[in-house]
Structure formats: structure tokens, C-alpha cells
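What follows is the residue order along each chain.
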Amino acid sequence: MTKTELCLLSAAQMANGLVAGDFTSVELTQAHLDRIADLNPALNAYLYVDDAGALATAREVDEARAAGQDLPRLAGVPVAVKDIACTVGMPTTAGSKMLEGWMPPYDATIVAKLKSAKMPILGKTNMDEFAMGSSTEHSAFGPTRNPWDLDRIPGGSGGGSSAAVGAYLAPLAIGSDTGGSIRQPAAVTGTVGTKPTYGGVSRYGVIALASSLDQIGPCARSVTDTALLHEVLGGHDEMDSTSLDAPVPAVVEASSTRDLTGMKIGVVKEISGEGFQPGVLARFEEARAKLVELGAEIVEVSCPHFTSAMAAYYLVLPSEASSNLARYDAMRYGLRVGPDGVESPSAEQVMAASRAAGFGDEVKRRIILGTYALSSGYYDAYYGQAQKVRTLIACDFEAAFEQVDVLISPTTPTTAFKLGEKLDDPLAMYLGDLATIPANLAGVPGMSIPVGVAEDNLPVGLQFLAPATQDQRLYAVGAALEAALTEQWGGPMLDQAAHLCLAQPFDKQEAGA
Amino acid sequence: MSAQTHTADSVLSIDDTLAKFDPVMGLEVHVELNTNTKMFCGCATEFGADPNTQVCPICLGLPGALPVVNAMGVESAIRIGLALNCEIASWCRFARKNYFYPDMPKNFQTSQYDEPIAFEGYLDVDLDDGTTYRVEIERAHMEEDTGKSLHVGGSTGRIQGADYSLVDYNRAGIPLIEIVTKPLTGAGERAPEIARAYVSVLRDLLKALGVSDVRMEQGSMRCDANVSLRPKAGDGATSAEQLAVPLGTRTETKNVNSLRSVERAVRYEMTRHAAVLDAGGSITQETRHWHEDTGVTTAGRPKSDADDYRYFPEPDLVPAAPDAAWVEELRATLPEPPAERRKRLQADWGYSDLEMRDVINAGAIEAIEETIAAGASASAARKWWGGEIARRANKADVAITEMGVTPADIAELDGLVRDGRLNDAMARQVMEGVLNGEGSPTAVADARGLELVQDDGALEAAVDKVIAANTDMADKVRGGKVQAAGALIGQVMKEMKGQADAAKARELILARLLPS
Ligand SMILES: [Zn+2]
Chain A
1 MTKTELCLLS
11 AAQMANGLVA
21 GDFTSVELTQ
31 AHLDRIADLN
41 PALNAYLYVD
51 DAGALATARE
61 VDEARAAGQD
71 LPRLAGVPVA
81 VKDIACTVGM
91 PTTAGSKMLE
101 GWMPPYDATI
111 VAKLKSAKMP
121 ILGKTNMDEF
131 AMGSSTEHSA
141 FGPTRNPWDL
151 DRIPGGSGGG
161 SSAAVGAYLA
171 PLAIGSDTGG
181 SIRQPAAVTG
191 TVGTKPTYGG
201 VSRYGVIALA
211 SSLDQIGPCA
221 RSVTDTALLH
231 EVLGGHDEMD
241 STSLDAPVPA
251 VVEASSTRDL
261 TGMKIGVVKE
271 ISGEGFQPGV
281 LARFEEARAK
291 LVELGAEIVE
301 VSCPHFTSAM
311 AAYYLVLPSE
321 ASSNLARYDA
331 MRYGLRVGPD
341 GVESPSAEQV
351 MAASRAAGFG
361 DEVKRRIILG
371 TYALSSGYYD
381 AYYGQAQKVR
391 TLIACDFEAA
401 FEQVDVLISP
411 TTPTTAFKLG
421 EKLDDPLAMY
431 LGDLATIPAN
441 LAGVPGMSIP
451 VGVAEDNLPV
461 GLQFLAPATQ
471 DQRLYAVGAA
481 LEAALTEQWG
491 GPMLDQAAHL
501 CLAQPFDKQE
511 AGA
Chain B
1 MSAQTHTADS
11 VLSIDDTLAK
21 FDPVMGLEVH
31 VELNTNTKMF
41 CGCATEFGAD
51 PNTQVCPICL
61 GLPGALPVVN
71 AMGVESAIRI
81 GLALNCEIAS
91 WCRFARKNYF
101 YPDMPKNFQT
111 SQYDEPIAFE
121 GYLDVDLDDG
131 TTYRVEIERA
141 HMEEDTGKSL
151 HVGGSTGRIQ
161 GADYSLVDYN
171 RAGIPLIEIV
181 TKPLTGAGER
191 APEIARAYVS
201 VLRDLLKALG
211 VSDVRMEQGS
221 MRCDANVSLR
231 PKAGDGATSA
241 EQLAVPLGTR
251 TETKNVNSLR
261 SVERAVRYEM
271 TRHAAVLDAG
281 GSITQETRHW
291 HEDTGVTTAG
301 RPKSDADDYR
311 YFPEPDLVPA
321 APDAAWVEEL
331 RATLPEPPAE
341 RRKRLQADWG
351 YSDLEMRDVI
361 NAGAIEAIEE
371 TIAAGASASA
381 ARKWWGGEIA
391 RRANKADVAI
401 TEMGVTPADI
411 AELDGLVRDG
421 RLNDAMARQV
431 MEGVLNGEGS
441 PTAVADARGL
451 ELVQDDGALE
461 AAVDKVIAAN
471 TDMADKVRGG
481 KVQAAGALIG
491 QVMKEMKGQA
501 DAAKARELIL
511 ARLLPS
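Protein sequence lines, in the order shown, are assigned to chains A and B.
To convert, note that position 452 of the first sequence is 452 in our numbering; the numbers rise steadily by one, no gaps.
To convert, note that position 282 of the second sequence is 282 in our numbering; the numbers rise steadily by one, no gaps.
So that you can see chain A by itself, here it is in the shape it has in the complex (with noise of 0.2 Å):
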């Protein structure tokens, strides 16, 4: 098997691979490796490779196999770290000026969990800084570009992962989902991505952004493989309080639905319409007509304070975001710069002076908003109220669950826009995470996985949302209906963009093309 070829099989085939010995984990690792040396520079997916870590891993699970040694399930299949969890040996910035070149003493437990699995890290994927964008763009290290077209946006905040994943330069990524970060991504990026039920997997040694939103998930590039990555990451962590100690739902089982007889879905009246894209919903209406032929019964239901969800998360989520954020002063670890012209400045200053100098321009508007939504005689109006709304929209994903099984819509209401085209209207940009941002007020599970292309030759994503805790539903659905499609276009998804599978710069096939 070539290079290109190894880096071209889905995680499970990367995982049988190596049980047959088709090939070795040093192989498999390596041309990996290589493809990222080829590619990253037009993508800026990794902002931080690791060789020598990875293949050191690499070589440790072929060590073991050759030794006869039992091995966990994606022992030896490499993974990129979204930059927003703890690595020890590896800097960790959130994408951050702040924090350039910080390297944690200590790993997160998905990190954690990771290297017990054997999987090779890879490096660490580009995000918007602190995970606050929809683009990427927000980066301090530069925007990642999408795949699709480089003049485009991966989506964010983990742009980094899903571009890696849809490029091939990596079989399986960590995201994180605060309103959206993982599904967006996905949609545009024609890959899939699991925001989990709130608590299914640690937060420990993740950069948070706002604590109560926040969730980590898988990404890849099929239903099974990222039920497979779930599988890894998911489960009880009892340095993370708010850590669900409940079993991992049964993911990869879910997975090899394909039968949906039985099955009420929902279609959210309030996610659609005014401001979709044409071609986003004629792709939504043909997978919702897919799923009738696969045994699904489909109802429309109704999600009224769905309509209020954006005002309440730029309230909960700067509020949050603004406190725990506060920690960057420049007093123990990152960035420290002293104000222009003092000459012995205070701490004070000197914390004022870096946190103007390290943080980004989005980071400060998010904080601002937030320390005044706080703010005593504003608390109730802003913060409490929002915190109001989150009940109610809580209380429409109850009543529709009584109702439907799961829940769909589109992931967004557009493919990828240009990049720079949203960058000096932040509401524009908001506005593309309306469909995502209600599964995080609720803590409920999600997850986008793509549909085809839209009239412009861009891919599309479809989001199913399920009940807290309820996480299989999302592989159930969305592995039926991705066969379905597989079927219909006579292979996957990611094969409609052809450039995709070939390893070369990207420049050059622009220049051959």
C-alpha cells in the first residue's frame, strides 16, 4: 500500500490493518507524518507537530504486537489533539498569543486517555483563539483553510481538526463543542463530528471556555470511526465534577444501524428557512427523504425558545468565558509584557499590559460583554435571564422527545463562506451557529454528518440531536443514513472532492488543475 493509500482507509480499516500486519503502526504513523509535511503548509490545520512522539508510540505498539500483547481496540491509529487540551511534551495555546509556547505539566484525561489507548498523537490542530469563532480565522497562528477550497473557511472553532480529517492528515481528531465547534466544523468541511451529552466525556485539562457549554468530542471521517473515538474519550472522571458517572453509550454497536423502522425523527420547525441557503436545504430535504426510505416516520415539531437561544448563549457564554479567562495575568505561565513608559510597573499593570497585548480582538470583545452581563444591577437582566432561557429551551427538547426519537436539521444555514467575509461583522458570524448553539444551553448530545454538496460545490451537513445520555441514537441515524448515501453516490462523501485524496500540495494541484 502506498503512502497515500494507508492515509486514505477509514480508523477501522487502520485499526484491522494492523491486527492482519497488512502494515505497522511506524507505517502508518509515518505517512501520516509525511502527508502533513506536504500539506500543512497550505492547510495551517497543525500548529504543532509531534514526529518523534507519535512515532515513538508507533513503535511501542508495534513492540507489543510483536510480542503477542493484547491491544486496545485503535492501538497504533494516530490522532491530532485539538489545541485546547493539556499535552505534556507537547505546547498547548488555545490558539493564543498568551499562551504561546506554554507547555502544561500535565495531561488532560482525553490526553490521557489517548495514550493509554496506544494511539500515536500526532500534534495539535488550529483553533480560533479559545475556542471563540466559527472560522478559524480568530486564530492567533493564522486561519486554517478548508481542504475544499482554500479560500475558504474550515469552520470553528475546530478548524484545525476537521480540515486535518477532511485533508487526510489525520483518521480521527478531538474537538470540542461549546455552540457548535465540532458539528460546524464538520458540516463544512464534508466530515462528522459528535458534540456528546454534557458530562459524557472530561473537561479536565481542556481549555475551558464557558464551563457550562462546554464539551469534548470526536471527529473523523464516518459514523463507526468516530463511534469508535468516542468509545476512547467517553466515561466517569472523578477530577471533573460535572463528569457524568454513567456507562459510555453503546456507540459502536449504534453504529451498524441500518435499518430505522420504528423510528420517529423530528424536524425543528424554528431551524430552517429565512436565511438557508438554497442548496443547503434542498440537500436537507432529499436526506429527510432518505430517511423515510430507510423506515423512518418524520414529523415536524416545534421549538419556540429556539428563537431566543443566540441571545442566551452571547450572554452565558462571555459571562462564563470572562471569568475563566481572568486566570491569563501574566503572574504564573504565558505571556508577560510591561506597560509602555512605566518604569517599574505594578502588578496590576503589568497584568492589564499583557492581557491587552496577548489576547485577540474577538477574546476581548467576548470578555467585555461578559464582565458587564455580570455585573451587579445588570445580572438579572442579562446573565439570570439568559440562564431562564436555557430552562426553557430545555423544556422544548423534553416536550419534542416525548414526541420523536431525535431530532434533525441542517448544521448550517450556509456552506463555508470566504475567508474574511464575516471577520468585521462578528453577528454575521454568530448567526451561522444557530442551528448548534441550542444542544449546548441544553447539554443534549448532537452530531453532524454530511449530505452531499450544495450548488456551489460545497458540502453540506445534516444535524441530529438526541436526548441527554441518549448519545447511540445519533450513531443509529446518522450510520443508516450515511450507508444510505454511500450507497447513492457510489462512494463516500469526501471522494466528491477528489483533490482531497491525492498527495501533493495543494498549490500545485491548484497550479495543475
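These are calculated hints, taken from the structure and not from any lab test.
Just so you know, not all the hints are guaranteed correct.
What the hints assert, rightly or not - Far from chain B, by Cβ distances over 10 Å, these chain A residues were calculated:
#1 89
#2 212
#3 258
#4 267
#5 290
#6 302
#7 489
Unchecked claim - Quick list of in silico lysine to aspartate or glutamate cross-link-like pairs, EDC-like style, CA-CA up to 20 Å:
#8 3/A <-> 22/A
#9 97/B <-> 380/A
#10 388/A <-> 115/B
#11 343/B <-> 370/B
#12 115/A <-> 231/A
#13 97/B <-> 348/A
#14 148/B <-> 348/A
#15 388/A <-> 370/B
Predicted, not measured: the structure shown is a model, and the values here were computed from it.
Ideal placement from N, C-alpha and C gives every residue a C-beta, glycine not left out.
For this one, chain A is given, so just place chain B with the ligand on it according to the hints.
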């Protein structure tokens, strides 16, 4: 301005202050719990460890770290709440108190805001004049301590003007309980004493609960005193009329770290406020720093009710929801409240109020209890611990238990007296030997040859000799003046070099001189 040269503000005399104003106090006490680990991480809490050796990603507030509640901290908080007669919340949340400070790793303190674990309680405080004042408790809530800054250079040891500062995060995250009183009104002239007595009783209570080391000098118990004055309602005003007078502006004197200082600081602030108000000035709402050495307070940072900590419920923690059965279990483990215990012991031991107060002031309750348990009589235990030992301990400025005498020693000595082997004078000599480290009471008595003569023959001979030598006295006794026998007894004891039982001597003298 150095610590030695604080310009004292003008003050009014305490009498003038009380003649013109009515003091209102509010006391906030921070208590460090003695849990083995910190409130939200597994770090050790030992006092005095090398700087920054008891830290981890959580208490250093590193990116990504998350807190987990120490269940022992919650248990201690509930027990404290119960001991303060508080109601215990069936559901309450932690909250973030947001402000920037270099010794606070996350730049927010995990605390509680409008949902304290315990609320609406009281603590009764006995005062020297025999009255009892009920201190009403508003709340007791859980929070974490901050790190500790050491400001190097400059002249004040404060952050302003320092060359540089060092921060020790060992203390960051140590569990704290903050106990807040309601405004204490109607205290009048007793206000400073009430402040001291309250902190003292609270300290004893927390000690009895075993939840804290309560060492004010080490900072494991810290008191902030809020003081304000309002005008007297006028001569002959009822207490209701006085209570209706609006409160004055308050100052908060921080970190007053001894019982004596609590009393002094409250008195100082009362008299300082009085001087300002009396001169037609107004009090600035601010924090004040107490200076133990000079006995004055100096202005700290201005404080206003608008201080905005942007509290909101801590999203990284789940609410504490102690179930009612557990709370009742904890209630059953509460030790007897110190005040009630004292009343019970006083009754058991048969001490007068005055005797009991002396014993309390001498810090001798536990020692006496143990001494009685070891077999001594209550009066002997009090006589020794509250008398000679207390005197010497006081002089040496150490606790009575550090004088080298054990409860068992006292019980042994009391046994020797009751067996008739020693009389009181000899017992005092034996005690002196024990205090000098000469050994146990028996060993000292043996070594010093102290023993009452039990041989009646020697005593009878001495009695005969004294009667023969003092015929005048003997005649008086014969004539019915029994009290004259006292002089004869003295002579006999002298003759016996003190090693005789005086009661026995009296018995023999009277038998000789009075016809039966
Ligand atoms: Zn710690």
C-alpha cells in the same frame, strides 16, 4: 509611613463616646479547616511547609484544571453551622467571586454567595458582668483561601512601594469557613468585650468540634471587625427608639489576630469614629489596618457597597445537597456546647460562680476534669490548678499544662493528703518539688522526708510537754475558753516540726484539759 510611626488619629474617651453614640458591630470570622487536603484538590494543607511545595494544577489555577469538592470540608461546614444553631441548606451552590489579585491563581475565589450552606443561627456569649449576649449569626459559608504575598523592600511590608513580591500558593485552596454575624446592636459599653468574648467562645466551640486549629497567631482564625456609630436617641429613649436610629457609616478593620486585639480594635474604632463625628466630620467607608504595636488603625483601601465581584454560580461544581438524614447524623456527633458543658461541670464540681470563672480564666477546665477522673476531689483539683500552678504558669506566660505537672500527679498528691500521710503545708512543699522536676509526689515526699508522724506516743509526749510549759493557756481552756487551744496546738505542731496532724493534736489537748 513605617509601622512604628503611625500618626494616631484623635479619639474621644470611651465614656464620652458612649454618652453620645450607640455602637453597632458586625464580625466576620474566617476559619481555616484542618482537613488533610485542600477544598478543591488533593494537595496537603500542612502549615509552614516550604513555599509552593503543596500545589498542583488545580490550586495553581493552570489552564484546564477543574475543582472537585472536598467532602470533609462540606461536613465540617455543616457541623459548624449546626453548632451555631443555624439552619442547613438542603441545596446550595458555590459561586465565583471575581476580582484580580496576584495571590489568587484563578483571579476568582470559589466561595458562596446567596446560597450559604448554613444561615440564621446564634451564639450566646457570657460576659464578665454576669449577663449573656446573644450574637445572631447571619450565615456561615464555604470558600477557599488565597495564596500569601510577601512584599519585599519598601518600608511598610505592604504592596505599595515594595521592590518585589513573592507569592506562596501553599495556602491557595485551603478550605475556609466564613462566619458572619448580623449587625450586633444594643451592646453599648459592652461592645468591645462582646467582640472579644464572641471570638473567644467561637474559638472554643470550633476547637471542641475539632474542625480547625483555630490558631489566631498562625492565621487559621482571622477576624474582621465592622464598627459604626449612630447618635444616641436621647436620654430616656427606649431601646426600640434607639434601634430606629439609622446606622452610621462603617469601617472594616481587617485581620485582627488576637482576642485582646479584637477588643482593643473595636474600642479604638469606636473612639476614633466618635472623635470624627463629634467634630462634625463624617466617616469614610473603608477597610482599616490594625497595628498591634501602636494600638491604632490606619486607612486601607476605600470600600463601597458598589464593590462589584460579579458573583455567579460556579459552573464547574455541582451543587452541595446534604440530605436531611446525614445532617441529623452530623447533629448527633456534635460535642456538648462549651457554655453548656461549663454549666454542667460547675454543678458537678460544686464550684461557686467566682471559682468557676477563675478556673475558666486559668484555662484549667480540661486539666481539672482529667484530675478528677484520676481520682482527686473537685476542690483539691481546683485548689492546685487554679491556685499555685495557675500563678506560676501566668508568671511564666505558659499554659498550665506546660508546667510539668500532670493530672495524675495532682490526684496522687491529693491521695497522700487524704490518706493522712501529708498535711496541707507538706503538700505544698511536695508540689514545689514536683514543679522543680524532682519527680512524682510520692518520690518528692520520700526524698524530702515529708511524712506526718502517725505515732501517737510522740504526739502525746509533745502535748504533755506543751501543757506543762503553758499553764496559763491550759487554765483558760480548762475554764471553758476552747478557742485558746489554738495557741497550744500551734506549740505542739512546732514541737513536732510540723509533721503532725493538727486535728489529732487538738483532739488530744482537749481530752487532757476538759473532763469528759
Ligand atoms: Zn492543589
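- Per the stated criterion, does the least C-beta distance between residue 290/A and chain B lie above 10 Å, as a non-interface residue requires? 39 Å, holds
- CA of residue 97/B to CA of residue 380/A, is that 20 Å or under? 16 Å, holds
- Query: In terms of Cβ atoms, is chain B entirely out of 10 Å range of residue 212/A?
  - Reply: 4 Å, violated
- Decide if the proposed pair is consistent with the structure: residue 97/B and residue 348/A, CA atoms, cutoff 20 Å inclusive. 18 Å, holds
- Once the closest CB in chain B is found, is it more than 10 Å from residue 89/A? Holds, because the least Cβ-Cβ distance between residue 89/A and chain B comes to about 15 Å, which exceeds 10 Å.
- Hey, does residue 302/A actually stay past 10 Å from chain B on C-beta? 29 Å, holds
- Query: Given the hinted pair residue 388/A and residue 115/B, is their alpha-carbon gap at most 20 Å?
  - Reply: 18 Å, holds
- Is residue 267/A truly not at the interface, in the sense that its beta carbon sits beyond 10 Å from all beta carbons of chain B? Holds, since 32 Å exceeds 10 Å.
- Hinted pair residue 388/A and residue 370/B, Cα distance within 20 Å: 60 Å, violated
- Item | Cβ separation check - residue 489/A to all of chain B, threshold 10 Å | The claim holds: residue 489/A sits with its nearest Cβ about 40 Å from chain B, beyond 10 Å.
- Message: Would the hint linking residue 343/B and residue 370/B be met if the CA-CA limit is 20 Å?
- Response: Holds, at about 17 Å.
- Is the nearest Cβ of chain B still more than 10 Å from the Cβ of residue 258/A? 39 Å, holds
Consistency note: the structure conflicts with the earlier hints numbered 2 and 15.
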